[in-house]
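*Asks:* Just so you know, the sequences run in chain order A and B.
In terms of my numbering, the first sequence opens at residue 1 and continues consecutively.
In terms of my numbering, the second sequence opens at residue 1 and continues consecutively.
Any given hint could turn out to be false.
Think about it this way: if two alpha-carbon atoms lie no more than 20 Å apart in a straight line, the pair counts; the simulated EDC-like pairs of lysine to aspartate or glutamate are [to be verified]:
no. : chain 1 : residue 1 : chain 2 : residue 2
1   : B       : Lys172    : A       : Glu151
2   : B       : Lys172    : A       : Glu12
3   : A       : Lys172    : A       : Asp93
4   : A       : Lys172    : A       : Asp58
5   : A       : Lys172    : B       : Glu151
6   : A       : Lys172    : B       : Glu85
7   : A       : Lys29     : A       : Glu12
8   : B       : Lys172    : B       : Glu85
Hints were generated in silico from the structure; no laboratory data involved.
2 protein chains.
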Amino acid sequence: MPRASVREQIVEAAFEQFHRHGYNACGVKLITDSAKVPKGSFYNHFESKEALALVVMDRYGETRHLDRLRTPRTAPLARLRAHFEALARDIVDVGYERGCVFGNFSTEAADHIPAIRTAVDAAFGHWAAALAATIREAQADGSVTTGQSPEVLARFLLNAWEGAIVGERATKDGSSFAAFFAVAFEVVLR
Amino acid sequence: MPRASVREQIVEAAFEQFHRHGYNACGVKLITDSAKVPKGSFYNHFESKEALALVVMDRYGETRHLDRLRTPRTAPLARLRAHFEALARDIVDVGYERGCVFGNFSTEAADHIPAIRTAVDAAFGHWAAALAATIREAQADGSVTTGQSPEVLARFLLNAWEGAIVGERATKDGSSFAAFFAVAFEVVLR
Numbered sequence: 001m002p003r004a005s006v007r008e009q010i011v012e013a014a015f016e017q018f019h020r021h022g023y024n025a026c027g028v029k030l031i032t033d034s035a036k037v038p039k040g041s042f043y044n045h046f047e048s049k050e051a052l053a054l055v056v057m058d059r060y061g062e063t064r065h066l067d068r069l070r071t072p073r074t075a076p077l078a079r080l081r082a083h084f085e086a087l088a089r090d091i092v093d094v095g096y097e098r099g100c101v102f103g104n105f106s107t108e109a110a111d112h113i114p115a116i117r118t119a120v121d122a123a124f125g126h127w128a129a130a131l132a133a134t135i136r137e138a139q140a141d142g143s144v145t146t147g148q149s150p151e152v153l154a155r156f157l158l159n160a161w162e163g164a165i166v167g168e169r170a171t172k173d174g175s176s177f178a179a180f181f182a183v184a185f186e187v188v189l190r
Numbered sequence: 001m002p003r004a005s006v007r008e009q010i011v012e013a014a015f016e017q018f019h020r021h022g023y024n025a026c027g028v029k030l031i032t033d034s035a036k037v038p039k040g041s042f043y044n045h046f047e048s049k050e051a052l053a054l055v056v057m058d059r060y061g062e063t064r065h066l067d068r069l070r071t072p073r074t075a076p077l078a079r080l081r082a083h084f085e086a087l088a089r090d091i092v093d094v095g096y097e098r099g100c101v102f103g104n105f106s107t108e109a110a111d112h113i114p115a116i117r118t119a120v121d122a123a124f125g126h127w128a129a130a131l132a133a134t135i136r137e138a139q140a141d142g143s144v145t146t147g148q149s150p151e152v153l154a155r156f157l158l159n160a161w162e163g164a165i166v167g168e169r170a171t172k173d174g175s176s177f178a179a180f181f182a183v184a185f186e187v188v189l190r
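With these hints in hand, go ahead and build the complete structure from the sequences.
*Replies:* In structure tokens form, the structure reads like this:
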């Protein structure tokens, strides 16, 4: 198998290390050590840690199971549940650690780094739009009531999910995910 | 007025700087510079940054408007709303920056520092218990239905609030707080 390019090695290492340690605790040296490339090679490929973080966010976005919201021949409410169940499994599989890269970067860096804030805002917006489209379908087929707009419900659920992740990082016992699924699917989406 | 003790100056500076920068980006030197005390004086009062963070978390907990959940002669649902409105005002007043110290520390440090994780878990648990007690009253007076336990609803709302904060740090436009109040009080607590 051909060896991945240095740039690709850096992106893959950064994907893992940013997720594990967050934005501030993950320096360029940690990334290049993890990628097994010389620290000096970093700036041949990226202008800054910030620029690399934006690449990682794009790639992370591709893993957020948005395809589950569009599974053919599946009821919209079942697609919404499958989407959040897939997100939950990713986190259960790593022992309730690491959280969500978007939430982590929003918490750690959005106040201080305008480009990170803009990218998180766009990522949450893209995700909320996909949720809202599926909620709209669920309202059209009568499985969800229409008291709140799809956009408001989508933003609420996205945030409630991000908050459940924050909760699980402290308790690491599944209680916040259980509360999310119970209230989101038995009360909010009803 | 007598000058605050060096220890108190450090705690007050840490309260502000941890909140503003998070756990990892806030070093001992930033705290002692902000407190206008010599860096060397830090270790006369605290064993470590971690030990100081635990003191800050205790003090932060005292500002979380839990008293609003116990206001006499006020309906439980109105107390729940007043509680979250007070939390929202604190964040609107600083331009949707800084977030919640508990959520920030959970995101940044709970995976890596057991004492921080334990303290965040306890803080969220204390807060969830206060919310659950008020929700139980609201279920008893018939203003909230009893389909979900007070404990599950409390944990869900606490996390949904933490997630709304994560959302606002990216958008800084009030949309996540608006979605929280609409869905929490018109759909979840009904």
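*Asks:* Does each hint fit the structure? Answer for all of them.
*Replies:* These are the hints, each one checked on the structure:
{"no.": "1", "hint": "B:Lys172 <-> A:Glu151", "verdict": "holds, 17 Å"}
{"no.": "2", "hint": "B:Lys172 <-> A:Glu12", "verdict": "violated, 31 Å"}
{"no.": "3", "hint": "A:Lys172 <-> A:Asp93", "verdict": "holds, 12 Å"}
{"no.": "4", "hint": "A:Lys172 <-> A:Asp58", "verdict": "violated, 27 Å"}
{"no.": "5", "hint": "A:Lys172 <-> B:Glu151", "verdict": "holds, 17 Å"}
{"no.": "6", "hint": "A:Lys172 <-> B:Glu85", "verdict": "violated, 28 Å"}
{"no.": "7", "hint": "A:Lys29 <-> A:Glu12", "verdict": "holds, 14 Å"}
{"no.": "8", "hint": "B:Lys172 <-> B:Glu85", "verdict": "holds, 17 Å"}
Going through the hint list in order, the structure does not satisfy hints 2, 4, 6.
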